[in-house]
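K.L.:
If you read the protein sequences in the order shown, they are chains A and B. Here the first sequence stands for residues 27 to 153, numbered as in the working numbering. Here the second sequence stands for residues 1277 to 1721, numbered as in the working numbering.
Simulated from the structure, these hints should not be mistaken for laboratory data. Note that this is a predicted model, so its numbers are computed, not measured. Just to be clear, a hint being listed does not mean it is correct.
[Unchecked claim] Some but not every residue of chain A turned toward chain B, in silico, with C-beta under 8 angstroms:
hint, residue
1, Y65
2, E85
3, K88
4, V90
5, T114
[Unchecked claim] With a Cα cut of at most 27 angstroms, we get these calculated DSSO-like pairs of lysine-lysine:
hint, chain 1, residue 1, chain 2, residue 2
6, B, K1705, B, K1597
7, A, K88, A, K36
8, B, K1597, A, K127
9, B, K1597, A, K88
10, A, K127, A, K30
11, A, K127, A, K36
12, A, K36, B, K1705
Glycine included, C-beta positions come from ideal geometry on N, C-alpha and C.
Here is how the chains run, residue by residue.
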Amino acid sequence: MNPKDLRFDKEHEWVRVEGSTATIGISDFAQDQLGEVVYVDLPSAGDSVGAGESFGEIESVKSVSELFSPVTGSITEVNEPLRDTPETVNEDPYGEGWMIKVELAEPAEVDGLMSSEEYEAFITEDE
Amino acid sequence: MRFIPVTCEQRSEMLRTVGAETIDDLFADVPEAARPGRPLALPEEMGEVELAAHLEELAGRDAHAGTVVSFMGGGCYDHYVPAIVDAVVSKPAFFTAYTPYQPEVSQGTLQAVYEYQSMICSLTGMDVANASLYDGATAFVEAALMAARVTRRSEVVVSGAVHPEWRETLRTYAEGGALSVIDCPARGGLTDTAALRALVSGNTAAVLAASPTFYGTLDELQEMAEIAHGAGALLVAGTNPILLGVLEPPSAAGADIVVGEGQPLGSSMSFGGPGLGVFACRQEHLRQMPGRVVGRTVDVDGRTGFVLTFATREQHIRREKATSNICSNHALNALAAGVYLSAVGVEGLAGIGRACVAKAHYLEQALMGTGHFERVFDAPFANEFTLLYSGDVSAMQRALLAAGFFAGLDLGRFRSEDAGLVSFAVTEKRTRAQMDRLVAEVGAR
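Please take these sequences and the hints and turn them into a complete structure.
P.N.:
Here is the structure:
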């Protein structure tokens, strides 16, 4: 089961909102589909990103996929250790495997994302 | 080998199957105006003996470096190819296989490509090399595209001293909109670095240059690297790999991507192709490198094996997001380069380089001695040099061809402002006697 305090988008990213900051990563379902992650290309702190825009890419032994931001804002922090230990995304997608933190410019965007239950339903019908 | 694509019986059967009586019925939907309305003007068929003689006669009309002494370069050179190169390359397992990259059955090919990549890294001083691209020109343009991905910028500044055909290929790619190309003039046969400094900005993805240049001169790569890096841009440096036994590797001058035409390394001239696109870069930019890469790994039992790596970034998987739309390589030419370098060895390669440079300098002085030429560039050169001829270049070349020589490359063919300039390339194959005879023939005009 996915953590209840998260919101999800259809590209399988999750968002955890604390105050005006959103932490973003990819779902457990996404990491499982990708397989062994070997590389994560992340942006730099200070870059800005728009909802639905690519902020980086993730490479597994099977494929290379783009990472999309569910929200608009400026990137305040990047999970630097992922550059050397990308497998953390597989091991702990909702914890140490987070990717970026974004200072929300449009907090209302979060309301448009799926709840944990909705995402569960979404990936079940996806299968 | 008999090659009969379809028998009369098969043709009738196919026509019957689709409900047509004759070939004309089959093409009934093609408008009358679009049909030739007459038989194609093809010669009568020939018997095999007659055909072989005909083809030999046609081939005999070509002048080539096997029968004419070549002092022509400009990207394709008459170097000696040791017999072992053809002996290895023509093995059917290498020669006839099409994209043989399945690791389960292709360890030989994969290892050969891996060895080639390793040798290119040693020669260029770079960290990683790919399995090759089509030729020097495509490698050059792919390097420009890669620099644009790395820097997330789209403007490139290209030196006017780079081969005109490489620059033409760059412009063709740029028409697609991915790159905007700014030309930096050449001065004295070299990149005009003062002009370059003014053209490079925070929008520049890469400075594109080559050393040796199209004129044979050795360009100021180090200064260009400083200019590029000062603006956060990369330096793409073209080179001639056969000279890297004597020239400083481009990496030492600060090049970020090194490309080159690999034909001199064991590939025959073959009327200009196929070539070998040499491509090498730094480890940090590995994931933006185009083309195939072979990597060394271990299997479940810990034994060394070779596999294609980064295939996830190639076009058949990543579609429009792929690092390149070139999903292939010139494996046979890369193999030839690997065998060539193994055959000549480190000392041998340096010896070949020294011979080319020494002979080119001998010929340059001797040609100057005829009084028909003028030195227009002061810059040092290696295996190739450019002089201004006092007479009609094409008349001189025609006369020298009749005497058994390809007397250099007429640079006016490429650019009108280079009219009168002739470049001469001298390989280790050229003898003093051949050079003296060329000089005598030119001098007697």
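K.L.:
Confirm or reject each hint.
P.N.:
Quick rundown of the hints versus the structure:
no.	hint	in the structure
1	Y65	7 angstroms, holds
2	E85	6 angstroms, holds
3	K88	7 angstroms, holds
4	V90	5 angstroms, holds
5	T114	19 angstroms, violated
6	K1705/B with K1597/B	46 angstroms, violated
7	K88/A with K36/A	20 angstroms, holds
8	K1597/B with K127/A	25 angstroms, holds
9	K1597/B with K88/A	15 angstroms, holds
10	K127/A with K30/A	19 angstroms, holds
11	K127/A with K36/A	19 angstroms, holds
12	K36/A with K1705/B	65 angstroms, violated
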